[in-house]
Every structure is written in C-alpha cells, then in structure tokens.
Amino acid sequence: MSGKFITMAHGGGGTRMQELLRQTVFPLLDEATLLDQEDAAALSVDVGRVALTTDSYVVKPPFFPGGDIGKLAVCGTVNDLAMRGADPLYITIGLILEEGLPLDVLERILSSVSFWAKEAGVRVVAGDTKVVERGMADGIYINTSGIGQLQPGREVSIAGSTGGDVLIVNGFIGDHGMAVLNEREGLFTNSDLISDCAPLSGLVRAMQEAGEVHSLRDPTRGGLAAALKEMARASSCAFEIEEGSIPIREQVLAACEMLGLDPLYIANEGKLLAAVPERDAGVVLEAIKANPFGGGAKVIGRVTEGRKGEVSLITPLGSRRLVRAPSGEQLPRIC
Amino acid sequence: MKYVDEFRLPGTARSLVRKIRELGTGATFMEVCGTHTMAISKAGLGPMLSPQVELISGPGCPVCVTSDMDIDTAVAVAHMPGVILATFGDMVKVPGSHGSLSDASAEGATVKVVYSPLEALDLARSESDSEVVFLGIGFETTAPVVAATILEARKRELRNFFVLSFHKLVPPALRALAATEDFSVDGFILPGHVSAVIGSRAYSFLPSEFGIPCVVAGFEATDILQSVFRLMQALTARPSVAIEYSRVVRPEGNQKALSVMYEVFEPVDAEWRGLFRLPASGLGLKEEYREYDAGAWPVEIPPATGDKGCRCGEVLCGKIKPSLCGLFGGACTPDNPVGPCMVSTEGTCASYFLYSYDEVD
Numbered sequence: 001m002s003g004k005f006i007t008m009a010h011g012g013g014g015t016r017m018q019e020l021l022r023q024t025v026f027p028l029l030d031e032a033t034l035l036d037q038e039d040a041a042a043l044s045v046d047v048g049r050v051a052l053t054t055d056s057y058v059v060k061p062p063f064f065p066g067g068d069i070g071k072l073a074v075c076g077t078v079n080d081l082a083m084r085g086a087d088p089l090y091i092t093i094g095l096i097l098e099e100g101l102p103l104d105v106l107e108r109i110l111s112s113v114s115f116w117a118k119e120a121g122v123r124v125v126a127g128d129t130k131v132v133e134r135g136m137a138d139g140i141y142i143n144t145s146g147i148g149q150l151q152p153g154r155e156v157s158i159a160g161s162t163g164g165d166v167l168i169v170n171g172f173i174g175d176h177g178m179a180v181l182n183e184r185e186g187l188f189t190n191s192d193l194i195s196d197c198a199p200l201s202g203l204v205r206a207m208q209e210a211g212e213v214h215s216l217r218d219p220t221r222g223g224l225a226a227a228l229k230e231m232a233r234a235s236s237c238a239f240e241i242e243e244g245s246i247p248i249r250e251q252v253l254a255a256c257e258m259l260g261l262d263p264l265y266i267a268n269e270g271k272l273l274a275a276v277p278e279r280d281a282g283v284v285l286e287a288i289k290a291n292p293f294g295g296g297a298k299v300i301g302r303v304t305e306g307r308k309g310e311v312s313l314i315t316p317l318g319s320r321r322l323v324r325a326p327s328g329e330q331l332p333r334i335c
Numbered sequence: 001m002k003y004v005d006e007f008r009l010p011g012t013a014r015s016l017v018r019k020i021r022e023l024g025t026g027a028t029f030m031e032v033c034g035t036h037t038m039a040i041s042k043a044g045l046g047p048m049l050s051p052q053v054e055l056i057s058g059p060g061c062p063v064c065v066t067s068d069m070d071i072d073t074a075v076a077v078a079h080m081p082g083v084i085l086a087t088f089g090d091m092v093k094v095p096g097s098h099g100s101l102s103d104a105s106a107e108g109a110t111v112k113v114v115y116s117p118l119e120a121l122d123l124a125r126s127e128s129d130s131e132v133v134f135l136g137i138g139f140e141t142t143a144p145v146v147a148a149t150i151l152e153a154r155k156r157e158l159r160n161f162f163v164l165s166f167h168k169l170v171p172p173a174l175r176a177l178a179a180t181e182d183f184s185v186d187g188f189i190l191p192g193h194v195s196a197v198i199g200s201r202a203y204s205f206l207p208s209e210f211g212i213p214c215v216v217a218g219f220e221a222t223d224i225l226q227s228v229f230r231l232m233q234a235l236t237a238r239p240s241v242a243i244e245y246s247r248v249v250r251p252e253g254n255q256k257a258l259s260v261m262y263e264v265f266e267p268v269d270a271e272w273r274g275l276f277r278l279p280a281s282g283l284g285l286k287e288e289y290r291e292y293d294a295g296a297w298p299v300e301i302p303p304a305t306g307d308k309g310c311r312c313g314e315v316l317c318g319k320i321k322p323s324l325c326g327l328f329g330g331a332c333t334p335d336n337p338v339g340p341c342m343v344s345t346e347g348t349c350a351s352y353f354l355y356s357y358d359e360v361d
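So the sequences go chain by chain: A and B. With the working numbering as the guide, the letters of the first sequence map in order to residues 1 to 335. With the working numbering as the guide, the letters of the second sequence map in order to residues 1 to 361.
Hints listed in this document are in silico derivations from the structure and should not be mistaken for laboratory results. The beta carbon of each residue, even a glycine, is placed where N, CA and C say it ideally should be. Warning: the hint list may mix true and false statements.
[Unchecked claim] Calculated cross-link-like contacts (lysine to aspartate or glutamate; reagent style DMTMM-like; alpha-carbon spacing at most 25 Å):
no., chain 1, residue 1, chain 2, residue 2
1, B, K42, A, E119
2, B, K286, B, E263
3, A, K60, B, D122
4, B, K42, A, E250
[Said to hold, decoys possible] Listed next, with one range per pair, are the computed distances between beta-carbon atoms:
no., chain 1, residue 1, chain 2, residue 2, range
5, A, V283, B, L9, 47 to 55 Å
6, A, A32, B, G330, 39 to 47 Å
7, A, E133, B, A280, 22 to 30 Å
[Claimed, not checked] Here's a subset of chain B near chain A, in silico, CB distances under 7 Å, partners left out:
no., residue
8, S50
9, P51
10, L278
11, A280
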C-alpha cells in the first residue's frame with residue numbers, strides 16, 4: 001500500500017479506495033461475505049424474531065487501557081443485542097476517517113474489530129468507508145449495526161422486572177469511564193485504571209441456561225444509576241440498593257473522590273444489571289461468577305412494590321437516600 | 001482507602017448519632033462549606049439527626065456565591081475575539097443574566113474546561129496566538145494555587161496568560177451573616193480545606209464577638225457527626241473554635257500558601273450572591289501583577305433583564321430550604337438550572353434535588 005496515511009482518495013470510491021479495502025480492510029476483517037463487494041450482504045436467519053441495534057463510537061482517545069474504539073464498537077453492539085436476550089449474529093461497520101489518520105492506527109483498530117468479533121461469535125458482514133478533510137473529525141469514528149436471533153422464551157426487556165426480584169451486577173463498576181478519562185487527561189500517572197470493555201453475549205446465555213432472567217440493562221453512559229433508574233421506570237417498580245454491596249475498585253473510588261465524581265454515574269462497557277426472580281438468584285449468580293466476565297458479581301439490591309420508578313439507596317450508615325437519573329453530560333466522549 | 005475508610009465506619013457513626021440524640025433537641029447548625037452539604041446529603045445524615053439537630057447550608061459553595069454580574073463579565077470576556085476562557089467545569093453551566101459559558105461556547109466563544117490553573121498555563125504556551133484567561137472562582141483554597149500560577153507565568157515570561165479573579169474570602173461572609181439581625185444559628189460547621197489554609201484562628205471573632213461556637217470539620221460522615229456532637233456539647237460551654245479535622249488543620253493555617261496568595265492578591269470589595277457587596281471580601285490582583293488582570297479589560301455587558309424569581313441568595317444565607325423556592329424541581333432542575341445552587345456539584349439545591357427530593361415521575 002502506497003503512503004502511510006489516510007488521504008481523501010481513500011474515501012473516493014476509486015482505485016485508492018479499492019486498494020485500502022483489498023490490502024487492509026478485507027484481510028484484517030477476514031470475512032468472505034465482504035469480498036463479494038455486493039451492495040448488501042445476503043444473510044441467513046432462523047424464522048422468528050430478530051433483534052436489531054445501531055450505535056456510534058467517538059471515544060477519545062481511540063486507544064485506552066483495556067481496549068480501543070474497535071473493541072468498543074464490537075462489544076457495545078454485541079452487548080446491546082445480548083441485553084434483549086438475543087444471540088448476536090451479524091454486525092456492520094461504518095468507518096468515518098479523518099484525512100491524515102496513520103494507516104497503522106486503522107490497521108490496529110480493524111485487527112481489534114476482527115479479534116473481538118470472533119471472540120463474541122459475530123460476523124462483520126457489511127461495511128462502509130468515508131474520509132473527511134483534516135480537522136473535520138477526530139481521527140476515527142465508527143458506526144455499527146447488529147442483528148441478533150431471538151430464541152423463543154429468551155427475549156428479555158428493560159420493563160421485565162417485578163416485585164421480589166433480586167438485582168445483580170457482574171462486577172466492579174466505573175472502570176471504563178475512569179480509564180478513558182485518565183488516559184485522555186493524564187490525571188493519575190502510574191495508575192492501573194483499566195476499561196472493563198467486554199462482550200457479554202456468552203455471559204447472558206449462561207445466565208439464562210442457569211435460571212430465569214426478568215430484565216437486563218448494560219450500564220454504559222450514565223453508569224449504574226442511569227441503568228437502575230431506566231429499569232425501575234420502565235417496569236413501574238421501586239428499586240432498593242445497598243451502597244455497601246456495590247462492587248467498586250479502590251482505585252476507581254479514589255480517583256472519583258479526587259475529581260468529585262460519583263462512581264454510580266461512571267460508564268461501564270463490560271457490565272450488566274440483571275433483575276432475577278429471587279428463587280433463581282443463587283444459581284444465576286453462580287453462573288455469572290463462573291464466566292470470565294463475571295468474577296466480581298454481587299447482589300446489590302432488590303425490586304419492591306414501592307413508589308413507581310423510585311430508586312433508593314441504603315448507605316452503610318443505615319440511612320436512606322434517593323438515586324436520580326444523571327443529568328446533562330457526565331464525561332464526554334467515553335464511548 | 002487509608003485516611004478515608006476509618007472515618008466512614010458505620011459503628012462509629014451510629015454511636016455518634018446515639019450520643020447526639022441523648023444531648024437533647026432543637027439545635028440548628030450551619031455547614032458553611034458546599035462539600036459538607038454534599039457529604040451530608042450523600043450520607044443521608046439529615047434524616048438521621050432530625051429532629052434533635054437541623055443542619056442548614058451556608059454560603060460556602062464558590063460557584064454559588066458568584067454574582068450574576070461576575071458571570072456576565074466572564075461570558076463577555078469569553079466572547080472577545082482571540083480569547084480562550086479556561087475554567088473549572090463547575091462554572092460552565094451556571095447561568096448569568098444572559099446565559100452561561102456553555103451557551104457562549106455554543107454561540108462561538110472558546111471555553112475550555114481545565115482541572116487546574118497550571119493546565120491553563122500550558123494552554124497559553126501551546127495556543128500562543130490566543131489570549132488565555134483563567135476564570136478564578138474559589139475561596140482561600142483555590143486562590144494560592146492561582147497565585148502560584150501567576151508567579152509561574154511571570155517566570156516563564158508568558159505574555160498571553162490572564163486571570164479574571166472573582167476569588168472570595170470566607171471570614172468576611174461569616175461576619176456579615178452573623179451580624180444579620182434575624183440570624184438564628186446555634187453553631188457553625190466550618191470548612192475543612194479553607195481552614196487548612198487560613199487556620200482556625202481566622203474565625204475567632206465568631207465566638208468572641210457573636211458568641212457562636214464553631215468546629216472545623218473534615219468531610220467524612222463521622223467527621224461531620226463528631227463535629228455536630230462537639231457543637232452540641234459547646235452549647236452549654238464557653239464558645240470557641242474547635243478543630244475536629246486535626247489531621248489537616250492547624251490554628252495558624254498554612255503560612256506558605258497565605259504568603260503566596262498575598263504576594264499576588266489583595267483584599268478588595270466583592271459582590272456575593274445573597275450577601276450583596278461586602279468590604280474586603282474578595283481578592284484582586286495587586287498593582288505589581290496588573291499585567292495578568294483580565295478584570296481590568298473593558299467589556300460591554302448588556303444590562304440584566306428582570307428578576308428570574310431565583311431564591312439562591314436566600315438559600316445561601318440559610319434563610320430558606322431549597323424546596324421553599326417556587327422554581328425548585330419545576331422550572332429549575334440540574335438539566336435546566338435557573339440559579340447556580342442547582343447546577344454546582346456543591347450546590348445546596350443540587351444536593352437536595354439529587355439525594356433527597358421526593359419526585360413524582
């Protein structure tokens with residue numbers, strides 16, 4: 001490939017774009033469907049219902065401890081499908097590249113897309129590349145879509161929790177937001193803040209094989225607080241959580257304390273919040289803990305018949321306060 | 001976390017609550033500092049102490065006490081061609097009479113959020129074609145750092161770094177409050193970090209002239225409960241300024257920080273939200289440092305439009321609880337703030353709204 005940077009010609013639809021696709025994109029993504037270069041991929045799905053999602057990724061910087069924009073794009077899309085109980089099948093990748101992006105940066109990101117797609121068991125079956133002038137974007141943005149198969153009886157909704165359910169998270173919260181913030185701002189040198197970015201479809205399948213799962217939400221932007229509020233509102237239930245049982249790493253807590261942030265509102269990219277009927281809570285928790293992405297799982301609270309949509313928190317002192325939905329922008333460009 | 005966890009022990013806190021309850025009923029204490037207000041709300045201490053002790057918030061959130069006029073000035077400076085206004089994130093959403101810095105940014109002004117004034121200095125070096133103005137909002141905790149930054153700017157011979165100083169001093173505000181005719185607070189919970197700089201002696205006029213006992217408190221739940229307990233005990237003793245936050249605060253304060261602060265700044269009259277114009281209650285740049293003073297720039301500020309109905313001023317003086325303001329939770333929310341107390345992370349209205357407001361969804 002001539003030249004080590006992305007130029008306007010790479011998005012022009014001509015020979016330079018073909019060169020980029022044939023020499024860089026196709027070999028890295030390793031997907032036969034792409035080679036056909038049809039206008040649309042023709043795919044097989046079982047008869048029944050499918051889940052469809054779309055998302056865009058603008059994380060700054062594109063590489064951070066524990067991940068990169070490519071891994072984030074795959075995991076974010078896979079997780080959105082998984083939160084409906086769907087088995088992720090296919091994703092699409094739309095690349096918006098800034099003129100001057102070093103080619104090796106694109107190569108590293110596409111390798112990451114390919115690796116994590118294989119890990120999550122999805123195929124990257126369609127894509128698009130556009131280049132914009134220098135200064136009109138920040139290196140690379142990615143847009144994805146994802147299709148997942150909904151198996152009968154496994155469909156999960158944000159509105160599915162009912163009184164008596166137990167609330168579970170699959171591990172430490174706040175890792176992703178603090179890792180990206182730290183990488184971007186260079187706040188704490190020598191820190192071991194690492195993003196939790198991970199594909200959770202296998203974990204959800206294991207949970208559903210172990211027991212019944214009423215509701216799922218991935219606490220991404222807005223953090224655990226937003227996920228709790230959204231689930232409580234959608235199901236018209238009240239949630240009550242124990243502050244002391246929420247798993248938060250020491251370094252995340254310390255960084256939040258210093259910056260005046262509340263870890264409950266910090267984004268996660270490899271976490272889920274689940275409402276599970278009490279009778280199945282034990283087996284589902286065990287299934288989560290047995291998964292590579294669930295070692296730190298904890299029961300953090302329960303669903304009650306109280307005031308609709310209210311999330312309350314019991315502090316370690318035994319006092320009770322409310323948890324609100326986040327307002328405005330918490331930390332910009334963390335996903 | 002060391003030095004934190006031992007001040008959050010539930011057992012210690014519960015036994016302090018029990019001891020406070022045993023000491024009787026009906027005391028009202030003011031926590032001066034916005035960080036205390038947030039800590040109290042977040043730990044849910046208010047309901048635990050009620051009705052024996054009522055805690056009310058004071059004028060200790062630097063963003064909140066900044067007047068509309070000062071915000072309007074910052075917005076006008078941000079709009080000047082070639083200017084980059086560097087500010088702590090807290091100030092961005094605070095509305096003045098004609099919108100906030102965030103609005104100014106949307107309209108084309110360059111507003112950059114920084115985590116320290118030194119970051120603004122680096123910005124001045126990298127953006128040498130622009131004039132970087134750091135918006136100096138804060139009390140005696142922030143002012144020495146800003147002063148040190150100005151000294152550093154002089155050392156680095158940076159000609160495009162300026163400070164718009166709206167820094168304020170805590171003791172003059174407390175004096176003004178205590179001298180108010182209907183002021184009925186039984187004790188002050190004094191700010192930990194400001195006191196680390198100015199020392200507990202700076203408040204000795206509160207017990208000696210006004211008979212009000214004070215405790216300088218740390219920021220963890222047991223710090224605050226311990227301070228409340230000591231204030232309860234002080235109600236029947238000779239009033240004094242005690243230090244609960246002894247791991248950080250000394251009676252004489254931090255002389256080094258104070259000398260840096262007064263090398264660059266001098267006390268000037270300042271406009272406080274709720275307390276109006278107080279003599280020698282702010283910090284302006286001394287004559288020798290005028291070259292860094294963006295406050296001396298001529299800016300045109302359109303006259304303020306009518307009363308917004310915001311009662312932040314009364315909230316800041318402890319006269320009303322946020323819920324008594326007609327705008328609270330309706331016309332004024334963190335997403336759409338009318339006054340600064342709803343938008344600052346240390347604001348009294350924000351803390352009530354976030355942690356204890358009983359909303360109807």
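These are the hints, each one checked on the structure:
no., hint, verdict
1, K42(B) - E119(A), "violated (41 Å)"
2, K286(B) - E263(B), "holds (8 Å)"
3, K60(A) - D122(B), "holds (20 Å)"
4, K42(B) - E250(A), "holds (19 Å)"
5, V283(A) - L9(B): 47 to 55 Å, "violated (35 Å)"
6, A32(A) - G330(B): 39 to 47 Å, "violated (59 Å)"
7, E133(A) - A280(B): 22 to 30 Å, "violated (55 Å)"
8, S50, "violated (11 Å)"
9, P51, "violated (15 Å)"
10, L278, "violated (27 Å)"
11, A280, "violated (30 Å)"
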